[in-house]
Amino acid sequence: MADSSSSPAHKAGPPAPAAPPASGFVAVFGRRLERLDRWADAIGIGRKRLILRAVCLLIALAGLAMLLGKDLTPPDTLDEYLHPAKTSADEFLIRNLSVDYTLDADAQGHSRATVFETVDGIFGSDSTATGITRYLVAESRGHTVHTTVTSVTDAGGTAVPFTVTRSGDTWKISTDTGARLVGDHRFLIRYVQTELTDHVQDAQNTAFEDSLNWSVTGERWLQGIGGVDVTVRMDKALAAHLTGEPSWGVAWAILGSTASFDRVADDDPLAQPGQAVFHNRVLSTLPPFGTVWVGFHFADGTFMPSDRSLLEWMRLLAPFLPILVGVGLLLLGLLARATVWRNASGRGIVIAESTPQAGVDLMLASHILGRSRRSIVASLLDLAVRGNVRLLRVSPVTDGRVDGGNDRANSPAGRHWYEFEYVNEATLTDADKDLLNAVFGDARIISTKRRPAKRSMRPVRLDVRGGLLRPAFRQLSLRGWRRSLAEGYRRVPNGFVRDLLTWGVIATTALQWGLSRQLAYDGIESQAWLLFWVSVASAAVTFSAFTLAVTRYPLTQEGRPRPGAPARPAGVHPGRRAAPDQLPAEPLRRAVHPAPGIRRGRRPQRPAARLRHSVRPGAWLAARARPRVGRRAAPWLVAPAGP
Numbered sequence: 003m004a005d006s007s008s009s010p011a012h013k014a015g016p017p018a019p020a021a022p023p024a025s026g027f028v029a030v031f032g033r034r035l036e037r038l039d040r041w042a043d044a045i046g047i048g049r050k051r052l053i054l055r056a057v058c059l060l061i062a063l064a065g066l067a068m069l070l071g072k073d074l075t076p077p078d079t080l081d082e083y084l085h086p087a088k089t090s091a092d093e094f095l096i097r098n099l100s101v102d103y104t105l106d107a108d109a110q111g112h113s114r115a116t117v118f119e120t121v122d123g124i125f126g127s128d129s130t131a132t133g134i135t136r137y138l139v140a141e142s143r144g145h146t147v148h149t150t151v152t153s154v155t156d157a158g159g160t161a162v163p164f165t166v167t168r169s170g171d172t173w174k175i176s177t178d179t180g181a182r183l184v185g186d187h188r189f190l191i192r193y194v195q196t197e198l199t200d201h202v203q204d205a206q207n208t209a210f211e212d213s214l215n216w217s218v219t220g221e222r223w224l225q226g227i228g229g230v231d232v233t234v235r236m237d238k239a240l241a242a243h244l245t246g247e248p249s250w251g252v253a254w255a256i257l258g259s260t261a262s263f264d265r266v267a268d269d270d271p272l273a274q275p276g277q278a279v280f281h282n283r284v285l286s287t288l289p290p291f292g293t294v295w296v297g298f299h300f301a302d303g304t305f306m307p308s309d310r311s312l313l314e315w316m317r318l319l320a321p322f323l324p325i326l327v328g329v330g331l332l333l334l335g336l337l338a339r340a341t342v343w344r345n346a347s348g349r350g351i352v353i354a355e356s357t358p359q360a361g362v363d364l365m366l367a368s369h370i371l372g373r374s375r376r377s378i379v380a381s382l383l384d385l386a387v388r389g390n391v392r393l394l395r396v397s398p399v400t401d402g403r404v405d406g407g408n409d410r411a412n413s414p415a416g417r418h419w420y421e422f423e424y425v426n427e428a429t430l431t432d433a434d435k436d437l438l439n440a441v442f443g444d445a446r447i448i449s450t451k452r453r454p455a456k457r458s459m460r461p462v463r464l465d466v467r468g469g470l471l472r473p474a475f476r477q478l479s480l481r482g483w484r485r486s487l488a489e490g491y492r493r494v495p496n497g498f499v500r501d502l503l504t505w506g507v508i509a510t511t512a513l514q515w516g517l518s519r520q521l522a523y524d525g526i527e528s529q530a531w532l533l534f535w536v537s538v539a540s541a542a543v544t545f546s547a548f549t550l551a552v553t554r555y556p557l558t559q560e561g562r563p564r565p566g567a568p569a570r571p572a573g574v575h576p577g578r579r580a581a582p583d584q585l586p587a588e589p590l591r592r593a594v595h596p597a598p599g600i601r602r603g604r605r606p607q608r609p610a611a612r613l614r615h616s617v618r619p620g621a622w623l624a625a626r627a628r629p630r631v632g633r634r635a636a637p638w639l640v641a642p643a644g645p
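Residue numbers 3 to 645, in my numbering, belong to the letters of the sequence shown in order.
Please note: incorrect hints may appear among the correct ones.
Quick list of simulated restraints, FRET-style, between CB atoms [unchecked claim]:
| id | residue 1 | residue 2 | range |
| --- | --- | --- | --- |
| 1 | LEU336 | LEU59 | 23 to 29 Å |
| 2 | ASP178 | GLY246 | 26 to 32 Å |
| 3 | LEU70 | GLY111 | 45 to 51 Å |
| 4 | ARG55 | PRO163 | 48 to 54 Å |
| 5 | GLU36 | ALA542 | 27 to 33 Å |
| 6 | LEU38 | ALA530 | 38 to 44 Å |
Bear in mind the hints are in silico, worked out from the structure with no lab data behind them.
We put the CB at the ideal spot given by N, CA and C, even for glycine.
Build out the structure end to end from the sequences listed, making use of the hints.
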């Protein structure tokens, strides 16, 4: 039969009616994606794609910088603890630090501390300092500690200029007298802090409580301290809500100690009417970065819980934002494949062709049909159907040639081994010879009892799906895939949406790992592992989205079925769409010459199949399952013809 491109059935009949507009979320989203691509084309797709790639590249570079660069919140090293001890004496030392807290609740019910500090400093003769710097905690377990400095004075009551700034999770109070300080000087600092307590579980993890674990010396005290006086005052009504013994402790680097916080007697000079007063004094000298802390535990509901700060929300949500973006990109890829990257529309009724379309072979047709794994076996079947070669199934014997001569050749997994024999070598094309050499290797003339034959000398095993696990197969398949793109049967869906998926995935992955590395702070092992597994999940999601973007090559109008007659022709399976290159379909009673088996030594051989039905290589190429012949499963080289 002649090429069906000239068949009258392709020219007759009215054109296909336009499909009604689709409805539903997928259809609406698809139209919006198509509109986005058209908009990008209208305003200059090159510039928009360049801007998109530049933005994604900057995000990716930022993620790589956070992943491979310096830690923004590194843990303190031992040298950072020791170095100030060598240099702090050059400026000044703290003879004594006295801190007096008055604890109560503000109008909103949040915890509040009115603080009065007395700082006695010793400034050396070579000191260039004009004041002191006090560091206080600004973030406590995810919420902001608000600090308001009311006054800073010297020992004589003269006001000292000061500034209050915040850097990350630290308040910085800087004083400046305007003159170089030498000798002993005293600074009196008054400030108010709110929302000091944390709503956490108790030590037994059985109930919640309002906990006050507070650093008296604050953050980053760079000078040595000769002694610390700590006084905490509260109303007796508030003290009645205490759920355990108050405690205090001293810590430096990995060293520390803890003790009970003593409550003074009512007749003590520090006591006030109606107040419960707790006092302690640290007599030992503290090195730089030394910390004195106090701990109070109140019943749940004593204070109003504090809201999480913006910084804490960023810490909590930042690791999950990239994975959410990755999920969005994955959904975008799925919808794009179903809409803007779908195959070109075609007709469901096609004409079965008895000869291939000019220039289309089985290797190319396999990529048009999306069955590239079957291309090798379909091509071998085509050679057998045309009578060029005879395919021989080899019985597995351990003769040193099948599977290296070990016992695996007799296992069920090693049953299907094949060789080929030339029947009409002169009619083979160069492409056919390349295929046979790639699959079976070189052939040579051997002598048998009946006749000489040119046969392959190395059996091969094909997997159950028809693929060949060799680099040669991948090269042949890649050649067919390139032809399907070059000849216009499939297209590469370049555009704004594809760039958004590919470049967005790269940027999201880099940002995810960078954020996870930076947020694995404070040496909390469980938190670091959580961030690691979140990053792994994000990488899996984004890799799936990337795969959707780079592996979709939809069929063009040239690659879709051509419109055919209104009636289904004989031999076309109902509901099955055929490719435009309907492959050879002449009914044949035998695919392989049914000659008696050829024997050579211990290697009995037989024809690959004795068929009771006609064979169509193209039908097997489009088949959804391995066909059966008679009672046995036929080799997947053959398939029964349609009705």
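Verification of the supplied hints:
At about 25 Å, the beta-carbon gap between LEU336 and LEU59 stays in the expected band of 23 to 29 Å. Range check, ASP178 to GLY246: Cβ separation about 43 Å, and the 26 to 32 Å hint is violated. Checked against the hint of 45 to 51 Å, the pair LEU70 and GLY111 passes, with Cβ atoms roughly 46 Å apart. The given range of 48 to 54 Å is respected by ARG55 and PRO163, whose C-beta atoms sit roughly 52 Å from each other.
Between GLU36 and ALA542 the C-beta distance comes to about 29 Å, which sits within the given range of 27 to 33 Å. For the hinted restraint 38 to 44 Å between LEU38 and ALA530, the CB-CB distance of approximately 40 Å keeps it satisfied.
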